[in-house]
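Participant: Sequence:
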Amino acid sequence: MYALQTVGSTTSSVKDDSEVLELDDGGNSIVEQIITNSYAVKRSENPTANGIQSSSSHPAMHSFERKNVDDSDSIGLCFWALFQAVGLTCVTAIICRTIIYRNGYFETNPENNTTSITKSQFSNWHYTLTTVGFIYLYANSIFMIRKSKKSNVTLPYIMLHTFAYIVSALGLYAMYVHKETGKPRHRKFYEGHVFSIHSWTGVFAAALFTVQWLSAVLAFMMPCLHNLGLPFGKIFSLYTVLVSTICLIAGTNHHALYSLKEQYQQYSPESLVLNGFGMMVIVFLFLIIYTIIKTNKH
Numbered sequence: 001m002y003a004l005q006t007v008g009s010t011t012s013s014v015k016d017d018s019e020v021l022e023l024d025d026g027g028n029s030i031v032e033q034i035i036t037n038s039y040a041v042k043r044s045e046n047p048t049a050n051g052i053q054s055s056s057s058h059p060a061m062h063s064f065e066r067k068n069v070d071d072s073d074s075i076g077l078c079f080w081a082l083f084q085a086v087g088l089t090c091v092t093a094i095i096c097r098t099i100i101y102r103n104g105y106f107e108t109n110p111e112n113n114t115t116s117i118t119k120s121q122f123s124n125w126h127y128t129l130t131t132v133g134f135i136y137l138y139a140n141s142i143f144m145i146r147k148s149k150k151s152n153v154t155l156p157y158i159m160l161h162t163f164a165y166i167v168s169a170l171g172l173y174a175m176y177v178h179k180e181t182g183k184p185r186h187r188k189f190y191e192g193h194v195f196s197i198h199s200w201t202g203v204f205a206a207a208l209f210t211v212q213w214l215s216a217v218l219a220f221m222m223p224c225l226h227n228l229g230l231p232f233g234k235i236f237s238l239y240t241v242l243v244s245t246i247c248l249i250a251g252t253n254h255h256a257l258y259s260l261k262e263q264y265q266q267y268s269p270e271s272l273v274l275n276g277f278g279m280m281v282i283v284f285l286f287l288i289i290y291t292i293i294k295t296n297k298h
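Just so we're aligned, residue 1 is where the sequence shown starts under full-length UniProt numbering, counting upward by one.
Source of the hints: derived by calculation from the structure; they are not laboratory data. Quick caveat, the model's predicted, so the values are computed rather than measured. Treat the hints with care, since some could be wrong.
[Stated by the list, open to error] Below, in silico cross-link-like pairs of lysine-lysine (DSSO-like), each with a Cα-Cα straight-line distance of 27 Å or less:
no.: 1; residue 1: 179; residue 2: 261
no.: 2; residue 1: 234; residue 2: 294
no.: 3; residue 1: 119; residue 2: 261
no.: 4; residue 1: 179; residue 2: 119
Please model the complete structure; the sequences and the hints are all you need to start from.
Facilitator: As C-alpha cells, this is what we get:
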C-alpha cells in the first residue's frame, strides 16, 4: 500500500488490516482454485469448470480416432474380400478343370446303378482336396487369427484348422490309393510313392502341418501355453504355407507334363487353365504372407 503526505498534515491512504487480509485471502483462493482445476484435468481427463478441455477428450480428437478406425475397418474388409476372391478362384479353377477335362470325381454305371471312383479320379480328388485343405482352408484359419487380434487360440480357429487338416489328410490318402490301385498284383506295396520333389515336399508339408496343428491344440487346451504357442504357431504357419505352395506348384507342373504331353506345349485350353491356376496360387501365397507378417507385427 502507499501513503500520501502533505504539508502540515499527514494523510494516509493505507487501507486497514481487514481489507489487506481480505485481499490476500482472495488471491490465495484464486491460486488454490487454479491448482485444483489443473489436478482435476489430469486425473479425470474431463472438461474443467472453466470449459477448458483436454486433448484426449476434445470432440475433434474423438472424430479423428473414429475416422482412423473406420478407415482401418474398410481396408480390412477390402483385403478380406480380395483374399477370399483369389482363394475361391483357385478352388473353382481346379474343380472346373477336373469336371470339364478329367471326367469329374465319380464314375456312374447306369446298368448296375452304382457309383465308383476310378484310378484317375483318385488323382482328381488328390489335387482338389489338397488345394482346398492345404491352401484355402489353412489360409482362412490364419486369417481368422489375424482378425481376432487376441492373445489366445479360439474354438472357431481350432475347428477350422482341424477341418483343414482332415481335408488335407484325405487328399494325401487319395494319392496313396491312386498309386496302390495301379500296382502289379504280385507286389504287396507300390514302390513309387515317394520318388519326386512333389512327393518329398508333400510329406514335409504334412509334417509341418501336423506340428503346427498340435501346437494350436495344445495352446487351446492349456491356457498357460497361450503366450508361447500362438507366436510359435504363427511363425510355423508361414513355413507350412510356403512348403505347401511349392508342393502344389511342383505337383501341378508334373501332372500337366505327364497327362497333357504334347498338348502342354501347344497352349491347349487345359494347359492354360493349369498355368492360370498356378499363377493364382502364387498370388494367394503373397496374400497369406502379408497376413502373417501383419499379424506378427501386432
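Participant: Hints first: check each against the structure and report whether it holds.
Facilitator: Hints, one by one, checked against the model:
For a cut-off of 27 Å, the pair hint linking residue 179 to residue 261 stands: about 20 Å separates their Cα positions. As the CA atoms of residue 234 and residue 294 are separated by approximately 11 Å, the hinted pair is consistent with the 27 Å bound. Distance check on the hinted pair: residue 119 and residue 261 sit about 19 Å apart at the alpha-carbon level, within 27 Å; holds. For the given pair, residue 179 sits about 8 Å from residue 119 by alpha-carbon distance, which is consistent with the 27 Å threshold.
The structure meets every hint from the earlier list without exception.
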